[in-house]
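J.: Two chains, two frames, some hints: make the complex.
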Amino acid sequence: MWAGCPLLVAHLPVYLSVLGIPLVTVTAANTLVVLDLILPNGGTPAGTSSPASSSSLLNRLQLDDDIDGETRDLFVIVDDPKKHVCTMETYITYRITTKSTRVEFDLPEYSVRRRYQDFDWLRSKLEESQPTHLIPVGKSHCLFVAHTMHQGAALLAAGAYEVGTGSSKPLPEKFVVKGVVDRFSEEFVETRRKALDKFLKRITDHPVLSFNEHFNVFLTAKDLNAYKKQGIALLTRMGESVKHVTGGYKLRTRPLEFAAIGDYLDTFALKLGTIDRIAQRIIKEEIEYLVELREYGPVYSTWSALEGELAEPLEGVSACIGNCSTALEELTDDMTEDFLPVLREYILYSDSMKPCILASLFHKALKLKNLSVLKKRDQVQAEYEAKLEAVALRKEDRPKVPADVEKCQDRMECFNADLKADMERWQNNKRQDFRQLLMGMADKNIQYYEKCLMAWESIIPLLQEKQEAKHLSLAEINRHDLEIMVTVERLVPFGILLILEDIVSAATNHVETKNSIDDSGIKYYS
Amino acid sequence: MYVFLFLKNNFSVVLFLFRSVEHTDGQSVLTDSLWRRYSEFELLRNYLLVYYPHIVVPPLPEKRAEFVWHKLSADNMDPDFVERRRIGLENFLLRIASHPILCRDKIFYLFLTQEGNWKETVNETGFQLKADSRLKALNATFRVKNPDKRFTDLKHYSDELQSVISHLLRVRARVADRLYGVYKVHGNYGRVFSEWSAIEKEMGDGLQSAGHHMDVYASSIDDILEDEEHYADQLKEYLFYAEALRAVCRKHELMQYDLEMAAQDLASKKQQCEELATGTVRTFSLKGMTTKLFGQETPEQREARIKVLEEQINEGEQQLKSKNLEGREFVKNAWADIERFKEQKNRDLKEALISYAVMQISIRLHLVWTNSYLCLSEL
Chain H
1 MWAGCPLLVA HLPVYLSVLG IPLVTVTAAN TLVVLDLILP NGGTPAGTSS PASSSSLLNR
61 LQLDDDIDGE TRDLFVIVDD PKKHVCTMET YITYRITTKS TRVEFDLPEY SVRRRYQDFD
121 WLRSKLEESQ PTHLIPVGKS HCLFVAHTMH QGAALLAAGA YEVGTGSSKP LPEKFVVKGV
181 VDRFSEEFVE TRRKALDKFL KRITDHPVLS FNEHFNVFLT AKDLNAYKKQ GIALLTRMGE
241 SVKHVTGGYK LRTRPLEFAA IGDYLDTFAL KLGTIDRIAQ RIIKEEIEYL VELREYGPVY
301 STWSALEGEL AEPLEGVSAC IGNCSTALEE LTDDMTEDFL PVLREYILYS DSMKPCILAS
361 LFHKALKLKN LSVLKKRDQV QAEYEAKLEA VALRKEDRPK VPADVEKCQD RMECFNADLK
421 ADMERWQNNK RQDFRQLLMG MADKNIQYYE KCLMAWESII PLLQEKQEAK HLSLAEINRH
481 DLEIMVTVER LVPFGILLIL EDIVSAATNH VETKNSIDDS GIKYYS
Chain Z
1 MYVFLFLKNN FSVVLFLFRS VEHTDGQSVL TDSLWRRYSE FELLRNYLLV YYPHIVVPPL
61 PEKRAEFVWH KLSADNMDPD FVERRRIGLE NFLLRIASHP ILCRDKIFYL FLTQEGNWKE
121 TVNETGFQLK ADSRLKALNA TFRVKNPDKR FTDLKHYSDE LQSVISHLLR VRARVADRLY
181 GVYKVHGNYG RVFSEWSAIE KEMGDGLQSA GHHMDVYASS IDDILEDEEH YADQLKEYLF
241 YAEALRAVCR KHELMQYDLE MAAQDLASKK QQCEELATGT VRTFSLKGMT TKLFGQETPE
301 QREARIKVLE EQINEGEQQL KSKNLEGREF VKNAWADIER FKEQKNRDLK EALISYAVMQ
361 ISIRLHLVWT NSYLCLSEL
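Protein chains in written order, with UniProt numbering: chain H, 1 to 526; chain Z, 1 to 379.
Only chain Z is shown next, with the shape it has when bound in the complex (with noise of 0.2 Å):
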């Protein structure tokens, strides 16, 4: 399955449209072709983080530009701007779709065919509820007793990965900018050279060419930076991506709290019993000083108790063998998920460094070349 994506500029929103080109037999057919807005993006986005906390999910473009250097403006409108935004609109959902878990769910599948209604299909899933109470969750601090290392250190390398790049895209953009303003500068040589050639007889015409290379040189700086900002969205993804790293191991964390606190749970239920049971009171409680107070219950009523709580208990474990279950197979599925990104981070990033090694290359040779025509025609 191929997505295109292209745009629309309507106003004050920003419409992008894509299609599906599905290939039967050899032919190329075009399908279906609709509308959707940044925020649906983001909905779908929203919708897959609940339903598929074991997933990184990948990252959606940046809303407003930012890490910019002086030239780019960080106007929402500005067609670079925009169309940077759209490359990686589309990368997301070529991620989605390359996915081998991901690109089976329906709402995707939806979310590339449904034209009307799609938003509200999407709440019916009754997902908002769930997603409100992840967030809450994924916000409250708490504390675990039995972390499971691998994830606490990937926890930790996804917070330094996201300081790390940010301060290499703070720097990046400074130094694009003073590179910038080197260039520019020599821009004033050919106005000069120009003026200079025009008073002399046979330092002329060289002086004239020297010239018009400055200029030449000075100009090119622009193509250069933005070739550069391909390069700082790649980082960028990997920025956002560390984000989604962050919260399987946030959740890996609150499963992990949640078991605790249900064996916790369990373990003290299975204390008050015994304790009911054989009569000894080795722990406080209300009941038993009440007890003591004003007297002890009758048989019945303790035998009440014990059954409440041999339910609860009952229920207790099943939950605690479920919820065993449901992490057990939630690290197993991460686990998976995980090595596939780290595989896939490490190409991205080489990819990355290597084109921009060859794109420093490229911009040197013609730079090798305009100086020297400055000595030739010195002739």
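Chain H on its own, in the form it takes in the complex (with noise of 0.2 Å):
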């Protein structure tokens, strides 16, 4: 899965010791030994200038994010709650098994037991140890934000988005007791397994996050407290000064690439807020046209019991519209149990992206010594800046640039692949991951008009018996037509596309074979 370069050997002492991560690290163990860099494509590339940092070279030599089954080598589950009674607390644990086969552990299998204070702890140590990297977030991140933050209000309002899954019900009557959330209760604990289970999930994903010894530490150790006892005094400071960071300081020379990535999460969220909204409607609105339906079919048969001739085709009617009926009402429970948890997910993970990418920033600001260091850069790029203006107004030739402001610029370059890195990694999960879900969604649609299609079909041979032969009605004129239709529509399931044009040069990648034309214009594929 991960090849090797020279480059990548090469520079990797130096960004490591940057990072402050001691070069034990396993990365630097296992992509020593290939030497020859392996591309997708095939090919070998160009001479790259620019230091290259690890996970930017690892993310573009990874084939595919589809890991399947047989080249993970790691296995994380979250399951089996408890609840734990004590004298001083009562809390919860969870249970987390481990399978690899990575040298990195001693044994192939680990089983241990996890509380959601140990979870939080391993989540700041990643956002220490290595805070250019995206940290994956969970459900449970909102929860301990709004709890440090403003407790009552947040709590529900995170509760409210909890509930999502499973079921369209509102706010969750169950969780709340006395206004405050029952952190006992069975759908609760149940919900924050699921989204402790997914930010594991995630952190095993990850080609450098998931070497990260803290994990390691975290997926094995028999006694969790004894460990976060040690590194405390030295990482104490480090960890709550996030707080005050964020508060205080304020980065002059924020790149205008995070600038743009905030302003195109937030526009994202807000779109799925929106989309969020109206797929409720919809569900809203096709629940209450059922209602009118199951009424509808029904007096047809009431009317049959009248007729004689007619008394089959009405039966056959009603049954029809009773068909469609149940077709509408698993639409609308699949839409409502997979579609909208997975979209309310979603925009509670970009919802947290942004803090992320803050918090990893004045982490990184921290890294760089003191804040000293860090005006005096300020100050040194301001000068190199004024005179490079000066310059370009006199065009006479650049200055040379300090070599302290160029070893922050290189800082700050690492820096800035290694976030356009993870952010390209995350755009191309979010794509897989809306492209399934719409097509999931156009996929159940499709099922539904099927299963209708189906029921009117059947009983259209059974209005038509008996039918007098007279001079073809503009009924049957129709119908003839919708017969030539009919034989077209079947093909489509079984895999065979109808494209308009226009999609056809958007989607690059198909390759057309035979192609022919019917009447109507529309191509389709053979």
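If you're looking for bench data, these hints aren't it; they were derived computationally from the structure. Be careful, since some hints might not be right.
[Unchecked claim] With a cut-off of at most 30 Å between alpha-carbon atoms, the simulated DSSO-like pairs for lysine-lysine come out as follows:
1) Z:Lys136 with Z:Lys251
2) Z:Lys106 with Z:Lys119
3) Z:Lys251 with Z:Lys106
4) H:Lys284 with Z:Lys184
5) H:Lys222 with H:Lys194
6) H:Lys451 with Z:Lys270
7) H:Lys198 with Z:Lys201
8) Z:Lys130 with Z:Lys119
9) H:Lys271 with H:Lys222
10) H:Lys271 with Z:Lys184
11) H:Lys271 with H:Lys83
12) H:Lys444 with Z:Lys201
13) Z:Lys269 with Z:Lys321
14) H:Lys201 with Z:Lys201
15) Z:Lys321 with Z:Lys270
16) H:Lys198 with H:Lys229
17) Z:Lys184 with H:Lys451
18) Z:Lys184 with H:Lys444
19) Z:Lys63 with Z:Lys130
20) H:Lys420 with Z:Lys201
21) Z:Lys63 with Z:Lys342
22) Z:Lys145 with H:Lys271
23) H:Lys83 with H:Lys198
24) H:Lys430 with Z:Lys201
25) Z:Lys184 with H:Lys430
[Unchecked claim] Just so you have them, the derived chain Z footprint on chain H, three or more residues with Cβ under 8 Å:
26) 87-99
27) 269-278
28) 449-462
We treat Cβ as the ideally placed atom computed from N, Cα and C, and that holds for glycine.
T.: Next up, the structure:
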């Protein structure tokens, strides 16, 4: 899955020292082995001038985000929540089961118990040690943030999101007991378990984060608290000062790219929110439509009971409408249970990304030793930029770039590159996820309409029985045309696609084989 | 004979023009064309109802829009409504023209041909009086001793049919309303996908075309529901036909009642006569009482009375005979027309159901395509 490269080997020590990661890190050991650079398209890269970060290169080399089971060597599962009652407090632990063939793990399998605090600890450790990477955040993060910032109301709001899984019911009355979220209710625990499971899975999937030593300890250590205490003295200052930094420091030279990312995420979250509302509204309207349909069908049955010759056809229509109603019910259930929850999770996920980026940014700033250094850098940078401007006006040669500014610029470029790589990765994931989600929605709709289609088609012969063959009525002419259309339509479910010309050009990966055009000018592939 | 109707709007009055195009020697010749108001159609129908009580007379389309769902206005001047009414009136005339008995009616012929004074011509037949008495009779309550089971069943059927079709039309209107809502909300997807595509790079094109298809989907509902209105109109025609059917049954009841009353009257007169003749008083009568109190009448007086009664009895018997004949004729003709009507109804309603099913299928086809595009455009 990962191929090493000469460039990576050369720059790795420098980069790693900047990040503060000891050279013992797994990554270096693995990638030093393979020297040939293998790219997906089989070629070799031209020389890269800028210092490549480990993660961005690895990301580019990674063949596909869809890791199939065979190449995966680390599996983590969160399950089996249990309540613990102690003198001081009551809390819930979850069982973490890890299976791995990696050398970093002494045993092939581990089973440990962790509580929410531990997950939170893990997250902050990951942020500290690898601030250039986007740390995946599950729903639990929302709760944590809410808890530390605004209690009650935010908790409820977060809870409202959580109930989105499984049912379309509004606020969780079950969760709330006298205005406080019931942390021990089954639904809450289950929802949290899912979120934590997703959280760990995202780390597992990450090519760099999954090798983080804190993650390893989290998965394997019998006594996590002992390990936590070890590093506290060194890292407390770092961890706690995030909030102070967030409040106080203003990064004057914030890269434009991050502003763009921030804006994009804001708009993206907005659009997702709107789509969620629309989807809810559609489901509501469909349910009301269903209610009426359920009354409509049986009236034909009532009528059928009055009639002689018409009894069968009318009964047929009644049954047909009944089938359509059932199909519609299945559609609304699917949308409520599958589509909405996944959409909502994405909204939460993208919501949490923006603060994450800012946090990473400030962590990085902190890592650059201390504020005074950064201020100095800014000063030097400002001088440099002023000189550049002056030069531009006079059209002289550029002055030589001061060494320390250059160094800082290098670091910032590393940082930028990392974040950019992660964003691309996230974008790709997002694209796949939404492709799947929206195609799923379309597919469900298609299934619904196909069921209705079948229902109506099946009663046509029933209605046509004993029809006297007179002159071709208008209805019969239409029916004849439709038989042709029906035949064409039948092909769709069996893999033959109907595409309009403008979409064909957009779908660049498609290869046109044979195509023929029917009377109505629609191309279809055979 | 072919009849076509055209429309002309004149402020608040809607007039209908129609031409009879007669084919003579294979050439179509445009003959008469004249204007008729809706009220004149009503007059024609009322006339036919009076003079052909044994016929299930074709109904007129509704004067005001009933069973509407929210989109359609109940406004009589709404162009869609007016157009559908025009079709209904055309249907009405065609049904009369194709009826073996009604098509030969003179007044109907004049309706198509006589430009002015047609109304007066109708009124001259003196039908108005008969129309009034007919209405009164239809609304009267009376009990028939020996009802004809066939007609009773038929009346029952027509009541049930009216009830079930009304219910169907009401629910259908609600279904249409809801379906409209579902489609229109999908239109919002169009807007959002379009806005979203603006901030995306690779996903942009796919989202854009998906949004477009959502718009197409949302706007397709208007045509769909317009087509469904035609189906509703076909059902409405038979809703009103049920009323006409009921009227025939009621007429029969009336005749039956009339007959029974006449028979009863005759029977009592005969009895009176017999009593007078034989001198026995079996039934109480004022005459009997006064006779007892104030002395019997003279034989001459009695003779005179018997004579009167015998005359009345004769008359009565004649009347009863003709009423019986009338009754049998009515039953024969009515039943023939009812059979014709039943067949027509079965044929027409089957056609209506078929075209309804076909319409449902053609909707689904369109939608399946739309959703396919959504799928594919996400490549």
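J.: Does the structure keep lysine 451 (chain H) and lysine 270 (chain Z) at a Cα separation of 30 Å or less?
T.: Violated: lysine 451 (chain H) and lysine 270 (chain Z) sit about 74 Å apart, past 30 Å.
J.: Do the alpha carbons of lysine 145 (chain Z) and lysine 271 (chain H) lie within 30 Å of each other, as the hint requires?
T.: violated (76 Å)
J.: Checking one constraint from the list: CA of lysine 63 (chain Z) to CA of lysine 342 (chain Z), max 30 Å. Satisfied?
T.: holds (26 Å)
J.: Check, residue by residue, whether the stretch 87-99 of chain H contains three or more positions whose beta-carbon lies closer than 8 Å to a beta-carbon of chain Z, and give the verdict.
T.: violated (count 0)
J.: Given the hinted pair lysine 430 (chain H) and lysine 201 (chain Z), is their Cα-Cα distance within 30 Å?
T.: Roughly 12 Å separates the two Cα atoms, so the pair holds.
J.: Are lysine 130 (chain Z) and lysine 119 (chain Z) close enough, with their CA atoms no more than 30 Å apart?
T.: It holds: about 16 Å lies between the C-alpha atoms, which stays within 30 Å.
J.: Decide if the proposed pair is consistent with the structure: lysine 136 (chain Z) and lysine 251 (chain Z), CA atoms, cutoff 30 Å inclusive.
T.: holds (12 Å)
J.: Quickly compare the C-alpha distance for lysine 269 (chain Z) and lysine 321 (chain Z) to 30 Å and report which way the hint goes.
T.: Roughly 16 Å separates the two Cα atoms, so the pair holds.
J.: Decide if the proposed pair is consistent with the structure: lysine 271 (chain H) and lysine 184 (chain Z), CA atoms, cutoff 30 Å inclusive.
T.: Distance ~19 Å between lysine 271 (chain H) and lysine 184 (chain Z) Cα, so the pair holds.
J.: Are at least 3 residues of the stretch 449-462 of chain H within less than 8 Å of chain Z when you compare beta carbons?
T.: holds (count 8)
J.: Decide if the proposed pair is consistent with the structure: lysine 271 (chain H) and lysine 222 (chain H), CA atoms, cutoff 30 Å inclusive.
T.: violated (44 Å)
J.: Holds or violated: lysine 83 (chain H) and lysine 198 (chain H), Cα atoms, limit 30 Å.
T.: Holds. Lysine 83 (chain H) to lysine 198 (chain H) sits at ~21 Å (cutoff 30 Å).
Violated hints, in rising order: 6, 9, 11, 22, 26; the structure is consistent with all others.
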